[in-house]
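Enquirer: What follows is each chain in one-letter form.
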Amino acid sequence: MDKIEISLTINETPYQMRVLPNDTLLEVLRNQLDLTGSKEGCDEGVCGSCTVHMDGKPVRACLTLALEARGRKIKTVEGLATGDALSDLQQSFIDHGAVQCGFCTPGMLMAGEALLSTTPGPDEQTIRRALSGNICRCTGYAKIVTAVAHAGNPQAPCPDCRTQTPYLQAKE
Amino acid sequence: MRLPRFEYLGPKTLEGALDLMATHRDDAKILAGGTDLLVRMKKGLIRPKTIISLKALDELAYIKRDTRENRNNILIGGRTLIADIIASDLVQRKAPALSRACERIGAITLQHFVGTLAGNILQDNRCWHYNQSQFHRSGRGACHKDGGKICYARQDSDRCNSTCQSDGATALMALNASITLQRKGGRRRVDLADFYTNDGIAPHAIESHELLTQICIPIQGGQSAYKRLSYRSAIDYPLVCAGVLLIPSTASPTEISEARIVVGAMGRSPLYMAAASASLGGKKLDDTDAFQKAGKAAMDTAATFAVHNVGSTLEYRYAMVAEMVFQALTEAGEAARETGQKAANKGVQ
Ligand SMILES: Cc1cc2nc3c(=O)[nH]c(=O)nc-3n(C[C@H](O)[C@H](O)[C@H](O)COP(=O)(O)OP(=O)(O)OC[C@H]3O[C@@H](n4cnc5c(N)ncnc54)[C@H](O)[C@@H]3O)c2cc1C
Ligand code: SF4
Ligand code: FES
Ligand code: FES
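Protein sequence lines, in the order shown, are assigned to chains A and B.
For reference, each letter of the first sequence is one residue, going 120 to 291 in the numbering used here.
For reference, each letter of the second sequence is one residue, going -7 to 341 in the numbering used here.
Just so you know, not all the hints are guaranteed correct.
Unchecked claim - Computed footprint of chain A on chain B, listed as stretches where at least three residues anywhere in the stretch have a Cβ under 8 Å from a Cβ of chain A: (1) -6 to 1; (2) 38 to 49; (3) 101 to 113; (4) 225 to 233.
Stated by the list, open to error - Covered by chain B, per the in silico footprint, the following chain A stretches (three or more residues, Cβ under 8 Å): (5) 151 to 165; (6) 181 to 187; (7) 206 to 214; (8) 248 to 260.
The set of hints was computed from the structure by calculation and includes no laboratory data.
For glycine and all other residues, C-beta sits at the position ideal for the given N, C-alpha and C.
Chain B on its own, in the form it takes in the complex:
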């Protein structure tokens, strides 16, 4: 498969990149690792006139802790590699859900040493009727996402129901992450939870001249976990995934004060499970029954969003939402109890 033709620009500085993005706007696409973009270009799903490569922007490749003015955040640059996040001790200790999610993205030889977390968040939604070769798609009329007026995944649907299968986004949303979008002459910060539009055709609230320059994860205490199901343990995208964060109460450290449950690969965006999360307030960190109920509640919510367009069967994926959420909660709960124990022991000494 030949790539379609394009003009290649390799800015040397962040400023240079923002200038070029302001000039080329919709005609240009950013190239990070290319493991999402180039595949879509090969299949003729997108034909940018210009490619702006982030290759030279080493200034955007970092992982650091920000503790200025009482802040306590992990900051990850807009061109930081997945491999560097997996290797980061800071991420492993303070945001294990993100470590686990990154380990599970595709495969080591595929994107870990070229792919970026920013590219992972910004990868396009997917659907097995759409992410196909030009030849395959030429056998029938174009669907909504391909510029047509029909959806093959859900009968009579007036819009696209493509699925967000980003591992990184699901974990980051559970961790309450926000991102910085920079453009020539300005920047804005958006909570990841507000960044997803729920629109299958344009799933992200980003302008064509905006560059994702930084991801910020607040260190809130508590423990996070991530679980994921796919056909094969590597290469394949998730069929269901769940990221959770459990924050114990300071007054009684064996109880949950706040929970965040996010389910991925089941909707047009990663799904924050408000009711399931709220149901865990005041529950014990090892309340298996409550975790099971939260899993079921998440399953019921996810079932209203999911469409049969990424593989397996819907029934199986529903059931696995409950299971992934339950497993993630159990793991985070155990880890939180362990840290609580350690802290208590230290107090005694």
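So that you can see chain A by itself, here it is in the shape it has in the complex:
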């Protein structure tokens, strides 16, 4: 079976490459494009560490054929920051200690960003539901949920939100 020439748009950058029909989007991202932010945990749809956005919606890159990603807008965790400036959600993950080993983090961020893009100011139940397809072995989820809830939405009583720091002032 021959390789097929395709073009993909990933993090707003167009790429030309040759792939096999049985290459998954995750394999192409990690092995051909060196975009190793998306992780391979289970490779069978269970864990969510490979979550990316396809046309703004969260999907499993390990269960997506690279050929099926043609013509779609793909966003990976590498596409969240603008230059060196982290997204509100990324910063919030750091501030709230929502990262331990970090393996689930790219998937959690993509699931969280997908939620925040459609539902500003989600309540806890909505957040838990949006993240329910992503497994974390370390944090116990509480800090991840808080990080999503307080992303770009600092809460005065929260000791982890940067309420009095230059972070907020810079934003104003």
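Keeping the supplied structure of chain A fixed, place chain B with the ligands upon it in accordance with the hints.
Expert: Okay, now just chain B with the ligands, sitting in the frame of chain A:
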């Protein structure tokens, strides 16, 4: 896990897809969201030479109401996404059991934005001895479903007892749904209740060159509900699920004229509970006692089918059949009484 090699075909039209299916027959598999198919391919459970993708067939992605010639149906296309069904106001109002079932399929980031209801109905039966890696399975002889002559789930069984764990199928069967299967030069319509073969190896009555193009749900009045139990509230397949439909009588709106109870994840097919359903005829919509009895009757029937091959223990799953059926009946009964009240109030005004 690498996927095995295959040829990829992406037809641009429905006709093109049917042509390709007629040519490739058993060598080809349809790819919708791929969240069932690709996992099985990775595990070496299935090795199609050719994959025919539905990606370009936007004509099969729709939800609409059909009211032509006195008909009253919800029509759902063969490539309609689970997320679109969850978001549909029409489905939510007229077939809430399907809304609930779709919400509970896997997880939002897993299949809701790529997975389809057709793929959900057509996903293969499962068994924890079979849905394992090649390495795991290589440690022992192949079972019936894997091409061998033994069943690890039920001793001395001469056939496969794999379980249908489709949430969508259970809800749709309770709703009396039918499906359209199209092939080159023809089509047929099958009631979902007749579509399941009760054969663990080939669970669906579909030919390899047939495409599921449409799902039709009759709007019959009454209320439906869906309840489900799984280890975790997301990602995991159901261990027990129940879909019910209660239609009140027109003469006395607080009484049940027809009930349909379907139990899923307990057999090779979703199980229509004929006796339990019939027992509710003429009963009140809030007859807790009758709902409990119907749950027990469903449990007894389900117990003759279930095999210990999807997790938990059989005893627990039996008991939970009664509970899921009871909860679903209670919810549907309450909703039906509410709608009846509203209609009565309107009449008074
Ligand atoms: C971790 C995990 C958890 C899951 N949890 C659940 C769950 O809780 N409940 C549940 O019900 N399912 C679950 N699934 C199974 C699966 O994701 C869903 O059933 C999903 O709806 C399948 O749809 P799809 O479009 O991805 O199907 P695909 O994988 O694309 O297709 C499934 C099968 O149907 C065939 N097919 C698809 N469309 C058509 C068509 N139009 N005509 C003819 N043949 C067709 C394919 O050839 C294939 O054999 C889970 C899967 C995973 C990996
Ligand atoms: S029920 Fe038996 S034959 Fe069927 S998949 Fe399980 S072990 Fe194999
Ligand atoms: S690697 Fe894709 S879901 Fe686990
Ligand atoms: S931080 Fe380790 S898996 Fe989530």
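Enquirer: Would you pick out the hints that fail for this structure and give their numbers low to high?
Expert: Violated: hint 7 alone.
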